[in-house]
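Could you put the whole structure together from the sequences, leaning on the hints where they help?
Protein sequences, first through last, are from chains H and R. Counting from 1 along the first sequence, just add 1 to a position and that's the residue number in the numbering used here. Counting from 1 along the second sequence, just add 1 to a position and that's the residue number in the numbering used here.
Every clue listed holds true.
Note that the list lumps identical chains together, so a pair holds whenever it fits in one copy or between two copies.
No more than 27 Å apart at the CA atoms, straight line, and that leaves these computed lysine-lysine pairs for DSS-like:
#1 Lys181 <-> Lys311
#2 Lys285 <-> Lys259
#3 Lys243 <-> Lys285
#4 Lys259 <-> Lys181
#5 Lys311 <-> Lys285
If you are wondering where the hints come from, they were derived from the structure by calculation, not from laboratory data. None of the values given here were measured: they were computed from a predicted structure.
There are 2 protein chains.
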Amino acid sequence: MSRPKNDTFLRALLREPTPYTPIWIMRQAGRYLAEYNATRARAGDFMSLCRNADLATEVTMQPLARFPLDAAILFSDILTVPDAMGLGLYFAEGEGPRFERPLRDEWAINDLTPIDPWGNLRYVMDAVSQIRKALANEVPLIGFSGSPFTLACYMIEGQGGTDFERVKGMAYGRPDLLHKILDVNARSVVAYLNAQVESGAQALMLFDTWGGALSNAAYQEFSLAYMQQVVAGLTRERDGQKVPVIVFTKGGGLWLEKIAAIGCDAVGLDWTVDIGEARARVGKRVALQGNLDPTILLTTPEIVRREAGKVLASYGAGTGHVFNLGHGVSRVTPPENVAALVEAVHEQSRIYH
Amino acid sequence: MSRPKNDTFLRALLREPTPYTPIWIMRQAGRYLAEYNATRARAGDFMSLCRNADLATEVTMQPLARFPLDAAILFSDILTVPDAMGLGLYFAEGEGPRFERPLRDEWAINDLTPIDPWGNLRYVMDAVSQIRKALANEVPLIGFSGSPFTLACYMIEGQGGTDFERVKGMAYGRPDLLHKILDVNARSVVAYLNAQVESGAQALMLFDTWGGALSNAAYQEFSLAYMQQVVAGLTRERDGQKVPVIVFTKGGGLWLEKIAAIGCDAVGLDWTVDIGEARARVGKRVALQGNLDPTILLTTPEIVRREAGKVLASYGAGTGHVFNLGHGVSRVTPPENVAALVEAVHEQSRIYH
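Here it is as structure tokens:
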């Protein structure tokens with residue numbers, strides 16, 4: 002298995018020289034694309050789309066057909082692991098993911114065991130294999146999962162985006178129970194991501210969507226420690242190729258030094274962080290991924306080009322930057338603005354390499 | 002006009018010695034108190050409560066009757082200024098504040114002019130005067146407003162807590178229009194807060210609830226610059242007493258050095274920041290206010306005492322700390338946990354002074 006023809010994404014993550022700054026976009030296969038909406042309508046609901054390897058491959062490839070992106074990302078959800086534990090993932094219209102059977106009883110927590118990724122998550126591995134074939138080694142494929150803490154938020158609350166009163170109540174009142182959940186999650190995520198690598202994923206990303214809701218001390222104890230456990234357990238090389246790992250805590254800008262120290266290759270940044278300042282803080286240790294405010298993609302191609310140029314200039318000369326948004330692309334984004342972004346990053350970044 | 006009998010709050014803001022760490026609680030007069038709910042039911046809706054000086058005084062005093070808090074805060078809303086501009090503030094049940102007539106047209110923005118606080122905001126000044134009388138100089142009274150940017154978010158979006166697509170679209174596409182709004186807001190807030198001081202407010206606070214949704218550069222241009230303009234225009238001394246100013250950007254932990262440099266006396270911290278690290282960064286320049294995670298108040302008195310102790314220990318010895326939550330108190334907070342918090346802060350902090 003050789004490196005992909007376009008390996009700029011992998012090289013930037015490993016801080017090796019590249020001719021330009023590579024770019025991919027969180028949620029690049031998504032509702033801002035008419036062809037995605039058409040495929041999803043055929044699939045029925047979101048999880049049916051994830052579970053069908055043909056359709057998951059189709060939507061994964063859609064943004065690559067439109068834009069010269071430097072990486073593909075598995076089409077799936079961050080919450081497949083707790084779904085495989087039997088909690089019943091579903092998507093209420095316009096409401097984000099939810100679980101039918103959140104963890105509300107101590108016995109249910111004590112009964113949790115790590116999932117076998119080759120069991121009822123085999124559909125993910127099938128999708129990874131099939132997407133790799135479809136990619137024909139043009140660009141690398143990113144595998145991913147939610148972080149142990151982010152999974153726990155949904156498992157305990159039943160949904161995201163709340164004040165996390167139940168999760169934090171457990172963190173402060175019954176930390177033993179939360180640690181039990183997080184340990185099962187971490188071991189499950191390790192097995193799950195390693196199975197993705199075995200199936201063909203060439204880089205991995207941990208999405209810690211809700212770690213930023215914690216206090217500094219609680220973040221380290223309940224989110225970062227378990228991402229460190231995950232990173233330590235991952236397959237980091239396969240067929241002679243390194244498999245870089247990206248860790249992204251939304252709202253984690255205060256903690257970049259601590260995140261950069263857990264053994265990952267790259268740290269994702271949301272848009273609140275100045276990427277040049279982030280580089281000064283941790284750029285000798287890790288690559289950085291990010292961090293244009295996704296709302297900028299709702300303006301015009303001209304503004305998109307200007308603002309992308311500012312992010313590139315802030316990072317400055319040299320490798321170690323993977324361009325991305327600071328959060329997933331909005332469903333109301335005009336695709337022509339994404340086209341302008343990808344072109345601008347590719348063209349404007351050459352002077353820095 | 003002499004200093005209040007208990008002036009620990011004012012002294013801590015000015016970094017003068019105090020025998021213990023003073024505490025007040027954001028939204029201390031609120032729905033977690035049965036007596037508040039009773040008064041509010043008599044008033045009808047929230048704005049009727051704000052507009053009635055007798056009732057606003059009554060609810061301002063309620064938490065002080067229960068807990069030995071070191072400051073009172075005017076009972077009002079952060080959005081009274083745009084309401085006075087005619088945008089029609091209302092509160093949808095369980096939805097947070099909204100405006101009936103958000104700014105959607107360029108002519109409406111060009112027509113904006115600074116408000117006269119002695120016009121249709123006189124009800125606020127009446128409440129301030131009456132609360133001061135009720136306080137009988139026991140503890141100081143805090144006046145406040147939303148920050149110019151936070152007001153603009155609600156004025157443009159019609160509500161808070163969104164992705165701020167309209168505000169940011171204006172920031173990137175028509176910055177001239179946003180600057181126009183922000184300048185009117187800043188001049189209005191200056192006049193409004195100075196009128197509160199003239200009416201008896203003894204400290205002032207700017208609530209920048211949504212500045213943390215901006216990128217680093219946009220925050221400085223659209224939020225911080227206008228808070229600096231406000232701070233520069235405020236009455237900082239009255240009747241021989243200094244009037245300290247607190248600036249609080251939720252989610253602004255990355256930018257503490259910049260916030261501390263705008264001329265305020267104190268910086269509010271949300272709970273994601275380690276207050277000891279914040280002190281190391283800016284404690285020589287400003288006092289710090291915060292920053293217990295409000296969800297800790299949903300646990301038990303024992304846990305509240307333990308976690309409050311951690312915040313005190315993190316700040317360490319010496320003055321310059323006003324204890325508070327990192328965000329407003331939750332409506333489902335048991336009042337006995339607030340009692341435990343106030344007592345714990347008063348008792349445990351003595352060793353640091």
